[in-house]
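Student: Chains as they are written, first to last, in my numbering: chain A, 1 to 113; chain B, 1 to 111.
The set of hints was computed from the structure by calculation and includes no laboratory data.
The beta carbon of each residue, even a glycine, is placed where N, CA and C say it ideally should be.
Any given hint could be a false lead.
What the hints assert, rightly or not - Distance condition first, Cα-Cα at most 27 angstroms in a straight line; then the derived DSSO-like pairs of lysine-lysine: (1) A:Lys-26 with B:Lys-42; (2) B:Lys-56 with A:Lys-26; (3) A:Lys-13 with B:Lys-42; (4) B:Lys-56 with B:Lys-42; (5) B:Lys-56 with B:Lys-67.
Claimed, not checked - With beta-carbon atoms standing in for the labels, derived distance ranges: (6) B:Leu-75 with A:Arg-15: 29 to 35 angstroms; (7) A:Pro-70 with B:Pro-111: 47 to 53 angstroms; (8) B:Arg-77 with A:Leu-82: 40 to 46 angstroms; (9) B:Gly-16 with A:Arg-63: 29 to 35 angstroms; (10) B:Tyr-71 with A:Ala-38: 23 to 29 angstroms; (11) A:Arg-55 with B:Ala-17: 39 to 45 angstroms; (12) A:Gln-41 with B:Thr-94: 20 to 26 angstroms; (13) A:Ala-38 with B:Gly-95: 23 to 29 angstroms.
To be verified - Facing chain A, a subset of chain B residues (Cβ under 10 angstroms, in silico): (14) Gln-6; (15) Ser-8; (16) Leu-11; (17) Phe-34; (18) Tyr-36; (19) Glu-45; (20) Ser-49; (21) Asn-53; (22) Lys-56; (23) Arg-60; (24) Ala-90; (25) Gly-95; (26) Leu-99; (27) Thr-100; (28) Phe-101.
Residues per chain, in single letters:
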Amino acid sequence: DAGVTQSPTHLIKTRGQQVTLRCSPKSGHDTVSWYQQALGQGPQFIFQYYEEEERQRGNFPDRFSGHQFPNYSSELNVNALLLGDSALYLCASSPSGSYNEQFFGPGTRLTVL
Amino acid sequence: QKEVEQNSGPLSVPEGAIASLNCTYSDRVSQSFFWYRQYSGKSPELIMSIYSNGDKEDGRFTAQLNKASQYVSLLIRDSQPSDSATYLCAVRETGRRALTFGSGTRLQVQP
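So that you can see chain B by itself, here it is in the shape it has in the complex:
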């Protein structure tokens, strides 16, 4: 049974700081990795995807992937109160269509 593990939090950071969210996965054939943001009572919104080792930057967001360590992370620079949400890590296994999600990390950005 493949698993995606995330610390449930809450992770509390002050406004303007860097928030670091982490995710580990158990399946070595996982190929694609995604970060979704979910506000309370809303549906998940795709914010980053990463497919190869290294860093991928998009605005204030940076996704980092290390397949050898089975680890993917999301950095949010200059955190804003509007970034307060639950961040879901999702992985897709090679040849499979389904996304497997972690339970999410709740981020609180304090003004």
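In isolation and in its complexed conformation, chain A is listed as follows:
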């Protein structure tokens, strides 16, 4: 039973560039949430996708956007990268209809130079 997978593992970009991160949810899950975790902090909610629509959004600027595909996988796009966007980006999946237990993937470490 495959867990949540994310790609790439690590990424280095320069300021102003754009990045796309990818996530495949755990088998049987159809809801995907994205979180940003800065060093020494807890994860911060970016947004959640269910049925290919953004269902809730956290306090992140419009430079952060996402998409969910019919197979439930998801992408996180960040435009006009800033140094402060350097963080671990985590994808979490949860079962259909569940607002509760969320299971995290291994994360993508993004470094912006």
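Given chain A's structure and the hints, the job is docking chain B onto it.
Tutor: Relative to chain A, chain B alone:
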């Protein structure tokens, strides 16, 4: 702005002792509560969830919830060096999908 507060630690306990990790939250409509364990350089791993007042036990872990006091705790019995990690408390507000996390408590179990 709802907040989840945790002591950053480190909390140091000897092997075999009980580790007690605490979390307070500011939002009275929070409904669901979770403890995640995060090893250095890894992603958070869900270890406990609790939804109603009282205690919930799972192996060596016990989660305790007191909604009146807006307090949730995690007890780890017979602590092992492999339990050394950062423990994140997360809460979910009624009707909302997002989890709000504390900054975590670093636990060190001394052999």
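Student: Of all the hints given earlier, name the ones this structure violates by number, lowest first.
Tutor: 6, 9, 16, 21, 22, 23
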